Every structure is written in C-alpha cells, then in structure tokens.
Amino acid sequence: MKVEQYKILEKSKINDFINSLISFSKVAAPVYKGYNNYAFQEIKSADEVSLKYIPTIIPPKKYFMPQKETLLKFDVNEDLKIEPVVEYENLVLFGVHTCDIAGIKCLNMVLSDKPKDTGYLIRKKHITIIGLECNDYCDEYASCSFVGAHIPTTGYDLMFTELSDYFIVHIHSSKGSDIIEKTGLFKPAETVHIEELKALRNNKLKIFNNEVPTERRYLPDLFDRSFNASVWKELETKCLSCGNCTAVCPTCYCFDIKEEVDLTLKAGERYRVWFSCQLDPFAKVAGGIDFRRERSARQRHRFYRKFRYHIDRYGMIFCTGCGRCSRTCMAKINLKEVLTSLIKESEAKIWRKWL
Amino acid sequence: MAQVVIKDSPYNLKKARILDIKSLTEKEKLFKIAFENSSWLDFEPGQFIMVSLMGIGEIPVSICSSPLNRHYFEICVRAVGKVTNSLHKLNAGDIIGVRGPYGNGFPIKMIEGHDLLIIAGGLGLAPLRSLILYAIDNRRDFGEIHILFGCKTPGELLFADEIEEWSKRLDIHFACTVDRADPDWKGNVGLITSLIPGVDIDPARTYAAVVGPPVMYKFVIKELLAKGLPVDQILLSFERHMKCGMGKCGRCQIQNLYCCKDGPVFTFKEIMDMAEAL
Chain A
1 MKVEQYKILE KSKINDFINS LISFSKVAAP VYKGYNNYAF QEIKSADEVS LKYIPTIIPP
61 KKYFMPQKET LLKFDVNEDL KIEPVVEYEN LVLFGVHTCD IAGIKCLNMV LSDKPKDTGY
121 LIRKKHITII GLECNDYCDE YASCSFVGAH IPTTGYDLMF TELSDYFIVH IHSSKGSDII
181 EKTGLFKPAE TVHIEELKAL RNNKLKIFNN EVPTERRYLP DLFDRSFNAS VWKELETKCL
241 SCGNCTAVCP TCYCFDIKEE VDLTLKAGER YRVWFSCQLD PFAKVAGGID FRRERSARQR
301 HRFYRKFRYH IDRYGMIFCT GCGRCSRTCM AKINLKEVLT SLIKESEAKI WRKWL
Chain B
1 MAQVVIKDSP YNLKKARILD IKSLTEKEKL FKIAFENSSW LDFEPGQFIM VSLMGIGEIP
61 VSICSSPLNR HYFEICVRAV GKVTNSLHKL NAGDIIGVRG PYGNGFPIKM IEGHDLLIIA
121 GGLGLAPLRS LILYAIDNRR DFGEIHILFG CKTPGELLFA DEIEEWSKRL DIHFACTVDR
181 ADPDWKGNVG LITSLIPGVD IDPARTYAAV VGPPVMYKFV IKELLAKGLP VDQILLSFER
241 HMKCGMGKCG RCQIQNLYCC KDGPVFTFKE IMDMAEAL
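Residue numbers (UniProt numbering), protein chains in the order written: chain A, 1 to 355; chain B, 1 to 278.
Rather than coming from a laboratory, the hints here were simulated on the basis of the structure. This one's a predicted model, so the numbers in the text were calculated from it and none came from an experiment. Just so you know, even glycine gets a beta-carbon here, dropped at the ideal spot from N, CA and C. Some hints here could point you the wrong way.
To be verified - Ranges between beta-carbon positions, derived for each pair:
#, chain 1, residue 1, chain 2, residue 2, range
1, A, Q41, B, I95, 35 to 45 Å
2, B, D42, A, D136, 50 to 60 Å
3, B, F35, A, D178, 37 to 47 Å
4, B, G113, A, S174, 54 to 64 Å
5, B, A92, A, K44, 52 to 62 Å
Stated by the list, open to error - When the alpha-carbon atoms are kept at most 20 Å apart in a straight line, the in silico DMTMM-like pairs for lysine to aspartate or glutamate are as follows:
#, chain 1, residue 1, chain 2, residue 2
6, B, K15, A, E83
7, A, K73, B, E36
8, B, K14, B, E74
9, A, K11, A, E196
10, B, K14, A, E78
11, B, K7, A, E269
12, A, K81, B, D8
13, B, K152, B, E164
Produce the complete structure using the sequences and hints provided.
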C-alpha cells in the first residue's frame, strides 16, 4: 500500500463529490426503489444515491453489455447496405461493490478473448468505475468471501472505503486520478490513514467468513466428482425454469441474436439480447433434440458454468458471491445451500480428508 | 447514447452473391457462392460460416466445397426453418451476408499420411464432402480412402452424381446404404452401422471422420471401437445451435467446450467422458 496512491475525502463532502461528478459527466449510482430493492440508474443529484445498499436488482453488467444491443443496421433497398454499429456513452459508475467489479472482470475475460467483442471493449473504455467497499455483509445471501470478491483488488478506477469520519480513496488508473484532480475535494492520505485501512481489512477477515463449508481451491475437485450428484435431481422438482437467476447474474453473458425490420420491410437492425441456459429452447438443435432437456441438467449446467467450466477456460470462478440468484429465485433455490449439499453428498468421497 | 459504425466488428458481414442454385433432393439445395469483392474464403474442411438473410436471420452452415477452389464456395442447405426456407426461395444473382469461416475443421495435417474412413449420415455428407474433395485433390497425401454414406430413403441421397463418380473410382472404396429402400433401389438396405464391420481397414493407421444426426454417433462409435480404432483417431463433428459462432453466446456449449470455437470437430478422446456431448 503506497501512501501516494491514496487520497482522503471527508464524509461531509461525499455529496459535493457526487454532485461535482454530475457536473461534468453522466453518472449512474445505486438508488433505492422500495421494498429493499436497489437499482443502478442515472442520477441528477447526490441526494438520490444510497451509499448503503444490497446488490441492485440487475448488476452494472447492463452498462457494459446492454440487455438489447444493436449489432448491425441494414438496408436491402437496391444494393444491400450493412453497417456494423456500436452504442456507447461516457458514464461514471459510482458506488460499485467489489462483487460487481468481480463480475465485470469476468465479462472482460470472455469478451476480450479472441475474437474480441469490439462493442463491449469500446463501451468499457468510456465507463469509469468508482468502487465502494463493503465493510460488512449486505445480507445473508452473500458469499463474496468464499469466492474472494469481498476485498478490492483490481478492476476499478477509484475505490472508496469508508473509515471513521472520512473515505480513503485508492487511485487505480489515470481516469481515476483525473477525477480526483477535477473535483479538487481530496486531501493526500497519510500513514495513519493507511494504518486505519489496514486495520479495517484485518477486521474484515473476521467479519467475512467462508460462507460455504469448504475452500474455493477444492471447487474443481468437488465439481469433478459431483456431475451425477442427487443434488441436481432434487433441483428438477424445485426449479421453475424462469431464468431469473441468470438474468440477474453479473457473470452471465449468453445471448440470442434477433432482427427487426421497419415498416418498409427493407431496412432494419440486427441486435443481441440476453438469453438464458435455464430456458427451454437454449440447447435445442434442429430436429427438436435438446441436449439439456431436464431442468436438473440446466441447473447443473449453471452451477458448473460458475464453478468449474470457466476454471478450465479462463482460470476463474464465474461466481462473485453477490447472492442475486438466490435472492431472486421464486423457488428459493439458494446457491450456498446447493453448494453445501454438494459438499455433504461428497463427504463420503476421497476429498473429505481435506476438509 | 452515441452510435458509431465500426468496420472491425466481429458481427460485420461480407456481401456474397449466389452464383448458382441446384436442387439436390426435395429438401436440400446446393448454393454456389462468391464474395462480391472477389476475395476468397480461406477455410479448412469441416469449418462453417454464418449465413445471413437480412431481416430474416442468420444461421451456421457447413462449407461443403473443396478448400482448394478459390473462385467460389458451396453450402448445402436443408429447408427446415425460417432462414433455410427463405434461402431456398432465392435465385442465382441474389445477395446474402456471410461471416466466417469459424470452427476448427478436420485436422488435415494430422490425417495426411494415414488412411481415411469417412462416415456420413444424411446431411452430414455436406461438411464431409469438403474433406472428400480435398482428399481427392491431394490423393497422394492419403492412404486408403473409404467412404460410407447412409440416408433414410433413396430420395434423400445427396450429391447423387458425385456419389456415382466416387463409387466408380478405383482409388476410393465407397459404400452406400438406405434405411428404407424403394423398388428401384439396388444397393444396401440398413443403418449405416451395418456397413462398418465389413470395411477392411487397418485401425492403427486409419482416421475416421464421422458426421451425421445426433442419434447416429453412439452407434457408429461403438462399431469403430469394435474395429479397434484408437479413441484419438475418431473425429466427430457436432451439430449445435450457434448464434455468434465465436465462443460467446453460449448456445453451443458442451461442458467447458464451445462447439463453435473448440469444435465443431472433436476427437472421441476429447469428449468420451463428457455427458451432454453425445
């Protein structure tokens, strides 16, 4: 922790800071929507922001990979005209929790893999991420410490951490540094502030306990042995196959491509929309054959997609521990409970000795 | 929200003109296509392209011509859905959108110097035709070539003229079968698996390339293993629904593999322990 990479902002000045951001950029931040629901949306004043919030209904993924995104515009009048397009805007995302930053890092991994998703990369370049560290659990659904997303590491431009009567701010990019300079509200941090941050992080290790009774390094082995576990069969009767869990997941990126024509029937656009492996037509091929017909197989695919397959592909767990899937599930399928059941079921197997 | 045109979008399409359309069966047509800007499609047998009809949709289609032909490429399309039915209604001279090629194709450099056993079920002959034509064009790079082709009825026989030509060649062993014969059919009757035991191959130096409907694979693999073919010399090309063709949309995922990017050609060894693959 180099002291020169940190700045201090008095708590009383946080609204001034947000309003200052709004004065020079479009800003999106968590806003309370009632019934313990929050959403990232554009704000016009710092008063709208909820600094204390549980994960928003939809993660900030929506700004990086919009629910509906135009890929091509075409016009078949006379000569076929095809224009590949990208939609983007300059945006500051304020108050992003570390779990959601972890989610953006997952999207990054996939969409910058070759062939690069140029639309995503252009949009990302225009978005500034200002993080807000959680000093305590948001609620009982979170499992961020299990996946290691509870402490800020990378993937942001600025990271705000609330301490006694001030925020300590880590500057992680030149974009972040520019904002600090532009707003002119920050003071340099001193060693005492860094010590306070270290003490908070140490204390966090006590508050944030492994929420699932194993360690994440055992996940590949656990999942390698669990493909035929009865846990999946139990989900068959529970899951409603609504796709909510994947819609709210910060690391789900599967999509469908569709197109629409205008009234002339000659011109239109091709776009992509979020899609879900939990929905019936997802894995169907010609002839009506479905490679994941059962809901149990689809739920299993979701869990393997989070905790196993992408370790092989990208060396990363694609779960951020945000708890959205469990919070939103109409059938009360709980990610932590499913993992715990898997562990219990595998207890008789070899890897028990490691627990 | 700003919207800008980006030419390097991976979703960009190249305009291609249909040079010729030939009906192969009641449901299948062969399209001869060339790019409008006279560039050529550089591909390997077994790769696929995404074909677009603007306003209707985009589908993945195997390329079925020889990769050595640089003047045009061909696709064989069965009319089954919205896009394929619309494609069938097009005429020579019409323009379509194409992106690709995608996928890994058959590992030609690995196969060369070995014997080749082609097993095609129905429309599976389309991607394999590309491999067959390549092997014929480079006949001396391959040892024995066996082609087994099976379809449901004689009316569904694809590339009938070429099949006749292949069956007459002295340097190719060709056998064909239909599940259900008609009175004019003089050839074999039975599933494609019934042809395999009779093929005289040296399993140690043979690569088998198998493409067909999903139901076919398990049975064909069983016969090939019974023949003694090593698991890494059985090459399978899988059909999955693909929307992007480049490992993003998730539709064609088989466990940790993307059919579009890691496949569509896999060795049996790669997928033998994978549920949901076969």
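Would you list, in rising numerical order, the hints stated earlier that this structure does not obey?
none
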